[in-house]
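*Asks:* So you can see what is in the structure, the chains are spelled out below.
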Amino acid sequence: MKRKAQLLQGNQACSQGALDAGVRFYAGYPITPSTEIAEFMAEALPKVGGKFIQMEDEIAGIGAVIGAALTGVKALTATSGPGFSLKQELIGFAAMTEIPCVVVNVQRMGPSTGGPTSPAQGDIMQARWGTHGDHPVIALSPASVLEAYTLTIKAVNFSEKFRVPVIFLLDEVIGHMREKVVLPELSGMEIIDRKRTTVSPLEYLPYAADESGIPAIADFGQGYHWHVTGLNHDQSGSPTGKADVLNQELQRLFQKLDQYQEEITLYQTFDVEDAEYLLISFGCSTRPSLAAIEILRKHGIKAGVLQLQTIWPFPEKVIKEFTAKRKGVFVVEMNAGQLCLEVERTMDNREILHKVNKINGELITPQEIIDKVQEAVN
Amino acid sequence: MKTEMDKLLRINRLPHIWCPGCGNGIVMRAIQKAILEASLEQDKTVIVSGIGCSSRASGYMNFDTLHTAHGRAITFATGIKLANPELNVFVITGDGDGSAIGGNHLIHAARRNIDLNVIMFNNNIYGMTGGQYSPMTPHGKFATTAPYGNLERSFDICNLAQAAGATYVGRSTVYHVKMLVDLIKKGIENKGFSFVEAVSICPISYGRRNKMGNAPQMMEWLKEHAVNIKAAEKMQPEKLQDKFLIGEMYQGQAPEYTQLYDELIAKLQKGAEDNVR
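Protein chains in written order, with numbering that gives the first Met the number 0: chain P, 0 to 377; chain A, 0 to 276.
The following block holds chain P by itself, in its conformation from the complex:
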């Protein structure tokens, strides 16, 4: 079926992306500015034979999602700042037990209750390290309504393929913004399902990975009688305290995504070829960055934008490649400077790094970026 142009909200586009990626289970708790996702799912899921449940709290939302995922269904929950904080323990559980799930975080101002309807991008580090212990995680962040759709599909695919929780970092701007979009045809889209085991229940070792590093899963109810625990476990899934076994299992877990970094790394570039000044941004701050380089170029300043769609694992290679041989690098983000810490760590010529930040709930304007760049140029 040919898809028509429509006026779509970012949160709705994310929901539609989840449906088209095969998500058939949603559990969550209402919270601004993510609630439209729950509302969309409540209406849409039962129509396609899926399930929606509004749980009693944020923790219950992700608990039910992980439980559902174990029966073989693709499952997603959505929240915002305070709820994202509450979900952290179980994000770690999903990482430890390698159960695929997607957690959408429509970022708002923090800390604490902060500004429920005010935008921010302050959960970058929490998305990576919010739960305790060394663990793998993927985080993607869209900068448009269309990307809210296409990257949600990527998020579901990644969670299925790599058996990791994927954090989808929307922000209040992209989540609540409406844009005219033509969604891509479903037929041309790659949809990935988790790898299921083909061995008999007697031979099944739930955490024995082949060279892919990703163990094959058995859906609950299929006779495999396997044990899932957040405790340190061996390949059979049984709790263990043996240091050598633990080291092996935790190293595999922590490094699980390393060999797939290239596949997971998604980004876009704008006018970077001849750019002397590079803006690095993501999510809603990409938009004033794009407006800024257009004006800067009119003033004879060669500027370009590197938009990170994948935030975690941090795209080190891309940063190294694109920050080399510039006169100035600017990290544009609506927080006090989180992504720039990673950029700083990664790039070779740190003395040309500048920060463009704002934390008052107002968008960064193109002029504010322009001023920073011009300051550096002079």
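Worth flagging that the hints you see were computed from the coordinates, not collected in a lab.
Think of the CB as a built atom: it goes at the ideal place given N, C-alpha and C, for glycine as much as any other residue.
Among the clues, some could well be false.
Unchecked claim - SDA-like, lysine to any residue: derived pairs with alpha carbons at most 20 Å apart:
#, chain 1, residue 1, chain 2, residue 2
1, P, K297, P, R349
2, P, K46, A, A265
3, A, K269, P, V47
4, P, K46, A, G270
5, P, K241, P, R251
6, A, K1, P, G222
As the list claims (entries may be wrong) - Here are some, though not all, of the chain A residues that point toward chain P, as calculated from beta-carbon distances under 10 Å:
#, residue
7, R55
8, S57
9, F62
10, H66
11, G78
12, K80
13, L81
14, N83
15, N103
16, N209
For chain P, the structure is supplied; the task is to place chain A on it using the hints.
*Replies:* Quick look at chain A alone, frame taken from chain P:
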């Protein structure tokens, strides 16, 4: 030769971690016996547990088993049951896991009347962490965090489950095992939220501190202080003062949540969207 009960155990995971005299093994066996008596299909039965001594039972039971985070077993179980209602879903929890950190989930699952079988192992104490008072430690009793006696009042967790909407509620003890099996089995047969409190004993972390003697003496205590709810009806209130009730506490009727959801799907898929709005 393996017995029917042996098939439900992961024998290679034994010995278990429980202390000598602990009641948890008795409750675990009672659940397995009830599963056998109710002829539940092993492949279609899932055991979900939280964190604590009792919640380690899931690791020894030969089903699809899920040992979750502290207090959250019911939330995972809700996801499993809703996603695949053909599965028989059990929740194993302790008094701390289920009535403190997980108390909110307990009442809401009961309110939904989702078809879960929740068995709470009540030993009146946090055993795994070494004997801190729980919401089900009686007033005045001692714990490492109640060195001068517990100032708080304890829950009657069966009353709570019933008030929240559970459609089957029972209480037995690790002394009254036949009754315990029977109550769990009736809970299985109830199409809805079933809650069974299994009063257990913790000689090491609770009994010792409260001078209740060794395990056999604590068993004696259970025998002497548990009164069948039917017998209690004919007893004078003063005779019941230091007693607690066991037996079938409540049986009710209410629509079951996952069934309602499946009916909704069927209705919507027949193209009757407008009727349900």
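*Asks:* Which of the listed hints are not met by the structure?
*Replies:* 1, 16
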